[in-house]
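Asker: Position chains P and Y against the provided structure of chain S, taking the given hints into account.
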Amino acid sequence: MGMKGRLLAVLAGAAIVTGIAVTAAFGAHKADPGISASTITIGGTFPLTGPASLYKTIPAAEKAYFDYVNDHGGVNGRKIDFKIVDDGYDPSKTVPLTQQLVEQDKVFAVYGSLGTAPNLAIWNYLNQKKVPHVLLATGDSYWGFSAKKYPYTIGFQPDYPGETKIYGQYINANLKGAKIGVLYQNDSYGKNYYAGLRVGLGANKSSIVSAQPYDLSAGNVTQQVLALKASGADTFVILATPTPTIQALVTAAKVGWTPANVFINNVSAVGTFIKLAAANGAKVDGAISAGAYVDASVPSESNWAGVKLAKQIVSQYAPSLDVNNSLTIYGLANAWTMAYGLKNAGKTPTRAGLMRALKNLNPAKAKNPFLYPGVKLQTGAKDNFPLEQEILIRWGGGATGFWTPFGKLYSKIR
Amino acid sequence: MKFIPAAVAAAVVVVLPFFLSGYHQGLAVYVALYFVAILGLNILTGYTGQISIGHGGFMAIGGYTTAVLSHYEHWNLILTLPASLGVCFLVGIFVGVPALRLSGVYLALVTFGFAVSVPQLPLKFSKFLGGSNGLHTDHTVTHLWLYVVSWSCAGIAFLLAWLLLRGRTGRAFRAVRDSEVAAASSGIALPIYKTLAFGVSGAFAGVAGSLLVLATNGFAQPSEFTVLVSLQILIGAAVAGLGSLWGVVVGAVFIGLLPSISASVPLIGSSHGQDVVFGLIVILVMLLLPNGVAGLLRGFEPRFKTAIKPGP
Amino acid sequence: MTALAQRIGSMRKSAVSTGGSIPVVLFLLAAAAFLVIGSLSSDIFAQQTVAGLAQGAIFGSLALALVLIYRATEVINFAQGELAMATTYIAYQLTLWGLSYWLAFFLTLPIALVLGMAIQVVLIRPVQHSIIAVVIVTVGLFILIDGIVTWVWGADLKFMDAPFGNTVYHAGGVAFSRQDIGVLAVSILSVIVLWFLFQFTKIGLAMRAAALRPAAAALVGVRVNWMLAIGWGLAAVLGAVAGLMTEPTQFLQPTMMQAILLYAFAAAVLGGLESPAGAVIGGLSLGVFLNLIGQYIGVATPELRLPIAFLVLLLVLLVKPTGLFGRKQVRRV
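Protein chains in written order, with the working numbering: chain S, 59 to 472; chain P, 15 to 326; chain Y, 56 to 388.
So here's chain S without its partners, still in its complex pose:
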């Protein structure tokens, strides 16, 4: 070859090498942590032990759902590996455990972590590290309202203030002249619930004749129930976690207070708890709560697709769970949403893709079978709350009864 030829060859070689280098730099982007050719690793902190351990049904149900998905092709061919970690509802454990999930186990996303205080302790950290912090198992509204400051965080269930707003509206419309007595937990859980009730009552909030806070560590709510009885209230609104709720119902019966109407917040309205209260003397028939999901214990729903699917999944993947427990259905509904998000996070899922999918839920496509008919999964640029609808439910049948939905579907409850 002549001088010219050699020069050409060198230039061509350089061009090819450069081209390959550039393609390599731009094309082969590193996959997000937690994504391998065959698995997606996610994890969350849950109270498997400790004062809130009755919620451990939720991660168990979520895992069952993921097992079902894995057996049916997974998420675009990848299996979901769900790490359930026990923080005992203690935020000082949640922090190091979450750090472990992110930095040691290299999870793709922190999913479903349970509890307001635990999640408040980690959302700074997760958003700083740009780790998805999604579908949290808590109904506080912080997550929904903070999309700008914490773009990697999103909740799931209808928020607490929205739920009690419905109770307020219902009371205004159907229980004129009611004298309301409220028992609420003295933390953001109870206080947010209480604030929502006052919003729902609007001008009518003076009908609250007594509002009694209690501290979870106190062990019982006798004092407060006595005060409510003394106030002459005939409508009892219980905004408490399960154990104090049961205690409140039983104590009310014990001290001979029988309010005409009882409202129980959805978190504590799981059938098991109501039956326990009834078995210990509480008068529960006619109590009202709200829900957003199907319920396997309601006879008229037993043929619904969601109920059938739930029964199938539970019997096959988690036979020790009780499909009639609303926490089980909650877990399935939540996990469905996560699987949907993962499926729509890109052919090779990315964290940004997951957030995009979850923040742009289109109800026409995201048809979650475990939701009560009419309740829709929907989010958008101005809406960071996936579920915003609920139906009222009423208890009947005492210690062997169940919740029956009634009335209209409340929408845009927030």
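FYI, nobody ran anything at the bench for these hints, they're computed from the structure. Worth double-checking, as some hints may not be accurate.
Said to hold, decoys possible - Covered stretches of chain Y (in silico footprint by chain P; criterion: 3 or more residues with CB under 8 Å from a CB of chain P, positions within the stretch not fixed):
1) 176-189
2) 196-210
3) 317-331
4) 359-365
5) 370-380
Stated by the list, open to error - Calculated lysine-lysine pairs in the DSBU-like style (CA-CA distance at most 30 Å, straight line):
6) S/Lys249 with S/Lys440
7) Y/Lys213 with S/Lys249
8) P/Lys138 with S/Lys470
9) S/Lys206 with P/Lys141
10) S/Lys333 with Y/Lys213
11) S/Lys434 with S/Lys369
12) Y/Lys213 with S/Lys341
13) P/Lys141 with S/Lys263
14) S/Lys141 with Y/Lys213
15) S/Lys237 with P/Lys138
16) P/Lys138 with S/Lys249
17) P/Lys141 with S/Lys249
No experiment lies behind these values; they were computed from the predicted model shown. Yeah, the Cβ is synthetic: ideal placement off N, Cα and C, and Gly gets one too.
Answerer: Coordinates of chains P and Y only, in the frame set by chain S:
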């Protein structure tokens, strides 16, 4: 010559973070803060014989001091540490005064009550102190920052303790432990030294509490400071024994790392399994390895020989 | 036995003196009168008093166990509440295996006795020469028992049958349940049984001797070690009763006794750490006091109940360490 082990340890601490991932640096932070707390309790219980099951209360006060100063007044986080030290020193003195009239199990009872009551205060004053959701600092810090700060605190704490205990004060402390009556009759002003011990010990626990809050992403919450924390520090001090730097390190490692180690061991891997291990180890240490706590116990034999004796 | 009783009688007189019992009795009578008058004039006062008595009976029943151990061995068992909780779970397990509530109740008592004695012999005796070591062992026991119970039964809420039924009675504007009366009755019965035990039985006398003057008692033939073990065993029995009486209100969960432990300590100290009757009266007083303060003093919201109990504990120990019914002890040099 005798400084060589300490120098080696210091060198290890300085070099270690280069080999540890951020997550493991975080674990080392817990060891450091428990080191400070256990050292403090050792001064009180090991050196002056006053039992406290209430040091979680001091940790809570220190932790909330840091959170309040940072949240409302935007103090430099490092400056909140001496503030916490000062506040808890004063609280310790304040607690130490009535403690003068109590001894043995009575003091243990009262400090237990202290530990149970202090976490209630943020719930009562929830507007100012954040209630059960807690109060957080105005910004969070990296693992490395925490590692450096916490181990510096550990080093300073150790130095302070060493200086305090080798001099006249230390001799006075030991005299109080061995026999209060003898100490008093030889002219040692018991009240001053006993109260001082409470102050110093509380101050150390306060700093440990601040470090705990910083390690928990800057959150101070009542649920971080339950009575179990007090029990854990006491157990750490028991495992540590007295008079040995390495003892306190062992105690701190035990308390600081057991949760994460036990989380990955099968059968044990959950918080109740961890409790079983915890309880078993401390009981076994007390029963079988009195050497580890020989110093703690040595001082009490003369005083309590007349109380309970095994019969023939 | 008469010789032993005489010896003990003389030992007691020389070692102790009764602490102001007449003023105390008068004070309690005055307080009782105040409560009666208040209850007659205000329904809510009456209801709070009754609820306070019901809760106080629960404090008192655990305080009884604490007092028994202290009286027999001069030690505070920090694991008493957890032990009580564990024995309650054992009763629960017996009901799961088909036994009726009361059969399980009475079967649990000897189990508790053996468990308490075993703990004293295996864990406490080796370290009983050092108060700190004993405190640490009981603290370790606290955590260990909590861990074992959660491991075996799980942490979720469980329920047992109500021992006395749920019937509610009404008198005037006040309601109280059969359960409340039952708990009170059981506590008073326990005090009477204990009193009988200590005053009239050989074992009771021997236990008192072993606690007051171990060396002298040993010389008289009392097997001091066994007496200490029996003391712990009996305390465990009382703890089991306390746990079973607490279950209807707190329900069965591993933390059920932790909430009331401080109140039980305060009650025991208030009543005088050596007096079983004091423990129950201390508990009742504390329960009523907390309720009335909570009702009538605005700033004393429920979050402050624990700190208030702590203050009661502190004040009693500072001002009158022997409590309402305790006896002064001379401190040996």
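Asker: Hints first: check each against the structure and report whether it holds.
Answerer: Results for each hint:
no., hint, verdict
1, 176-189, "holds (count 10)"
2, 196-210, "holds (count 11)"
3, 317-331, "holds (count 4)"
4, 359-365, "holds (count 5)"
5, 370-380, "holds (count 3)"
6, S/Lys249 with S/Lys440, "holds, 25 Å"
7, Y/Lys213 with S/Lys249, "holds, 28 Å"
8, P/Lys138 with S/Lys470, "violated, 35 Å"
9, S/Lys206 with P/Lys141, "holds, 25 Å"
10, S/Lys333 with Y/Lys213, "holds, 12 Å"
11, S/Lys434 with S/Lys369, "holds, 22 Å"
12, Y/Lys213 with S/Lys341, "holds, 19 Å"
13, P/Lys141 with S/Lys263, "holds, 23 Å"
14, S/Lys141 with Y/Lys213, "holds, 28 Å"
15, S/Lys237 with P/Lys138, "holds, 27 Å"
16, P/Lys138 with S/Lys249, "holds, 14 Å"
17, P/Lys141 with S/Lys249, "holds, 12 Å"
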